[in-house]
Each structure stands twice: as C-alpha cells, then as structure tokens.
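Enquirer: Sequence:
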Amino acid sequence: MNLKHIFTIIKKGIKMGPQNPMFIFGLVIPIVLTLILQLLFGNLWKQKPQLAIYEKGEKIITAELKKNEAIDVVEVQSENEVQKEVESKKADVGASFPEELKEKLKTKEKIVLKIYISGESLAKDRTIAQASIVSALREVSPKPPSVNFQQVQLGEERAVSILELLLPLIVLIAILFGAFFIPATFLVQEKEKKTLTALLITPVTIGEILVAFGLLGIFIAVLMGTVVLFLNIGLNLPSILFLALFLGTILMTEWGLTAGLIFKDMNSLFVNMKLFGILFYAPAIVLMFPNWPQWIGKIFPTYYIVHPVSRISIFGEGWSEIGWEILVLIGLIIIFLFPLIPLSKRLQKAL
1 MNLKHIFTII KKGIKMGPQN PMFIFGLVIP IVLTLILQLL FGNLWKQKPQ
51 LAIYEKGEKI ITAELKKNEA IDVVEVQSEN EVQKEVESKK ADVGASFPEE
101 LKEKLKTKEK IVLKIYISGE SLAKDRTIAQ ASIVSALREV SPKPPSVNFQ
151 QVQLGEERAV SILELLLPLI VLIAILFGAF FIPATFLVQE KEKKTLTALL
201 ITPVTIGEIL VAFGLLGIFI AVLMGTVVLF LNIGLNLPSI LFLALFLGTI
251 LMTEWGLTAG LIFKDMNSLF VNMKLFGILF YAPAIVLMFP NWPQWIGKIF
301 PTYYIVHPVS RISIFGEGWS EIGWEILVLI GLIIIFLFPL IPLSKRLQKA
351 L
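Quick note on the working numbering: the sequence shown kicks off at 1 and runs consecutively.
Please keep in mind that the hints were generated in silico from the structure rather than gathered at the bench. What you are looking at is a predicted structure, and each value in this text was computed from that prediction instead of being measured. The C-beta atom is built at its ideal place from N, Cα and C for all residues, glycine as well. Be careful, since some hints might not be right.
[To be verified] Listed below are the simulated SDA-like cross-link pairs for lysine to any residue, each with C-alpha atoms no more than 20 Å apart in a straight line:
1) K56 / A70
2) K12 / S135
3) K345 / I201
4) K90 / A70
5) K56 / N80
6) K89 / A123
7) K191 / F270
8) K114 / F246
9) K67 / E55
10) K114 / P145
11) K104 / E81
12) K298 / I278
13) K193 / L347
14) K59 / E81
15) K349 / T195
[Stated by the list, open to error] Here are the computed distance ranges between Cβ atoms for each label pair:
16) K56 / N148: 19 to 25 Å
17) N148 / V328: 25 to 31 Å
18) S161 / W319: 22 to 28 Å
19) V32 / F276: 47 to 53 Å
20) E321 / N20: 36 to 42 Å
21) D265 / I24: 28 to 34 Å
22) I36 / K193: 57 to 63 Å
23) P144 / D265: 52 to 58 Å
All chains, full assembly: derive it from the sequences and hints.
Expert: Below is the structure:
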C-alpha cells in the first residue's frame, strides 16, 4: 500500500469533483436542507443558554463565566435558588460552586459537580453550558481539572421538535451523498471511461484505488455531517458524537465501494438505488414517528448510524445508553469489509 499513490488518486478525485454531480450534491444538499429546515422550524438564531449559578466565597469562577459570551449568567444567592431558577424554566442549566470544590481544584482532585438540567432545555444548550463551566474551572485551576457532571433533571422532558425529528434524516443524507455516492460514482466512472484499466497497468493497485476513493468519501461525509450537526446543535459537539458519525461514514463508504465494484455503469447504479434506497432511509423515517414500533428500525443497519447520532445530539445520551449500538456499528464495519476483497479481485481479473 503506497501512500503516495493513494494521495495522487485523491487529488485526481478532487480535481474531477466538479464534473461529478454527486460530489457537488454531497457538498451542497446537506447545507441547503439544513438552512431551509432551520428557517421553517428551527432556532438557529435562538438566544444564548441561561446558566444559573451560586458561588460561595470569592467569586472567581463566576467572574470567568461572566466573561464567556456563549452563555447568559444568572447569579443567585443560594443553591436552592439555583434549583428554583431551573425548575421555573428561567434557566436551562444550574450549578453551585462550594468552597470545597475550589480546594479540590488546588489539590488536583477529581471533581464531581452536580448540575441541574431543565427538562425543557435543548441538548445543545446543555452542552454549551457544561463546556463553559469546564472552561471556567480550567482558568482558575493550576492544572486542567478532571470534571464529571452529575446531572439532575428538573421537570418533564420536552417534546421533540419537528427539526429534531428530521435531524437523523438530514445527517443520513449527508453521509449517504458523501460516503456512499462519491466512492461509488467515482469507481463506476473510472470503469466507464476505461481509465481504471489504465491505472492498473501502472504500479497502482486496486486496493490503493479503493482506499483513495474511500478516504475521499469519508472526508466529505464527516465534514458535511459535522456542518449539519453544528448548525443544529452548536459548536460544542461531544466526542462520542464524532465517533458515531465517523464510524457511520466508514460503514457507508464500504457499501459505496461495494456498489462501485458490482455495477458496471451509472444507470444500473441509480436504478438499484431507486429500488433499494428505502433500506437506507427506513430507520430515519421510523425515528421521525415515535409512535411507530421502534424495533422495526433496528432491523436495518443504518439504524446504528442515525439512532446514536439522534440520541446523543437531542437527548445528550452517552456511553451508558448507546454504547452497545456503537459496538454493533463496529461489528457491521468488520462484516461488510470482507466482501470488498473477493469483489476487488474479481474486478481486477475482469479488466
């Protein structure tokens, strides 16, 4: 596997990109869909999250939080008032900073900070508030502290908005166009133009071609998926969300490469996509209708892409809730990797 060959093919793919409609669609459609839905149903320009805080003693943490322009700080006089602010929905998140917490910062002890979360608050507002607290604690601590949040939800969980119901579908579209269609169409184009045969006469191997087109698809899909999530959730995206997105793009890329190896021309590729496209979209459609039996979605592999993204981004869930789905996703990646080996050998013999 020669890295120079791989990057040369990637550069060629980028230059050919404007000639490939799927490359353009992969960059444009996710953003256009997001902006349209945000204008119709969203809160892209919503006010900053409200953070209610109480700090005992010297207000060093409060001072740092007030410098943060990503949040609006509401300072109260007791922990009970913090709780009341969140319960009455005047604040999205509430936290109190006792003297012993400041001592732990000095001694570099692990910190478990209890925070109050309004059931009505958005996942992105919770994430921004928590990131702001961690940032403030870092500023007043001699060394970066280890902080874990103990969340206490106050009030019933809010109903999911129309935009949040549509979010899994938008993310899936971003991944589908980037990770599936880009590798598949580039590979089919190379076969149609007979340039694949010319490439294989050189020292370039079929494995290097697949890796190059796969990496290009993964990059575009992760980039556009991140943009979609940023526009819907905000800048402070949890690391597990990136992991779910990245693994999902790898699985979709494997399917794209498989399709590119199987189909001889664009017509057969798109005809089959029309026939079997529902297999990709079915889980996202099921998630849009919470009253439907949700076990239906679990039958389809793409469920393990869109469902973790949905639960993390909308409800702030983590490893304890959706960790098993991440493991299933890794298992699917391993399973769908194997067909690429005989298919690539068959193509090489046919050429």
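Enquirer: Compare the structure with each hint and give your call.
Expert: So, going through the hints one by one against the coordinates:
For the hint pairing K56 with A70, the CA-to-CA distance comes to about 23 Å; that exceeds 20 Å, so the pair is violated. Taking the CA atoms of K12 and S135, the gap is about 42 Å. The hint is violated against a cut of 20 Å. Proposed proximity of K345 and I201 is supported: the alpha carbons are some 15 Å apart, at most 20 Å. Straight-line distance between C-alpha atoms of K90 and A70 comes to about 17 Å, which keeps the hinted pair within the 20 Å bound.
For a cut-off of 20 Å, the pair hint linking K56 to N80 stands: about 13 Å separates their Cα positions. For the hint pairing K89 with A123, the CA-to-CA distance comes to about 15 Å; that is within 20 Å, so the pair holds. As the CA atoms of K191 and F270 are separated by approximately 15 Å, the hinted pair is consistent with the 20 Å bound. Between K114 and F246 the alpha-carbon distance is near 31 Å, which puts this suggested pair outside the 20 Å criterion.
Proximity of K67 to E55 is assessed by CA-CA distance (about 16 Å); at most 20 Å being required, the pair is judged to hold. Proximity of K114 to P145 is assessed by CA-CA distance (about 15 Å); at most 20 Å being required, the pair is judged to hold. The straight-line distance between the Cα atoms of K104 and E81 is roughly 24 Å, outside the 20 Å bound, and the hint therefore fails. A hinted pair counts as satisfied when its Cα atoms are at most 20 Å apart, and K298 with I278 qualifies at roughly 14 Å.
The hinted pair formed by K193 and L347 meets the criterion: a straight-line CA distance of about 15 Å does not exceed 20 Å. Distance restraint check for K59 and E81: the Cα-Cα separation of roughly 17 Å lies within the 20 Å cut-off, and the hinted pair is therefore satisfied. The hinted pair formed by K349 and T195 meets the criterion: a straight-line CA distance of about 15 Å does not exceed 20 Å. For the hinted restraint 19 to 25 Å between K56 and N148, the CB-CB distance of approximately 21 Å keeps it satisfied.
At roughly 26 Å, the beta carbons of N148 and V328 sit within the given window of 25 to 31 Å. For S161 and W319, the Cβ-Cβ distance of about 25 Å falls inside the hinted range of 22 to 28 Å, so the restraint holds. In this structure the hint that V32 and F276 lie 47 to 53 Å apart at CB is violated, the actual value being about 25 Å. Hint check: E321 to N20, Cβ distance near 39 Å, so the stated range 36 to 42 Å holds.
Evaluation of the 28 to 34 Å hint for D265 and I24 yields a failure: the beta carbon distance comes to about 20 Å. For I36 and K193, the hinted distance range of 57 to 63 Å is not satisfied, since their beta carbons lie about 35 Å from each other. Remark: the range hint 52 to 58 Å for P144 to D265 is upheld by a beta-carbon distance near 55 Å.
The earlier numbered hints that this structure contradicts are 1, 2, 8, 11, 19, 21, 22.
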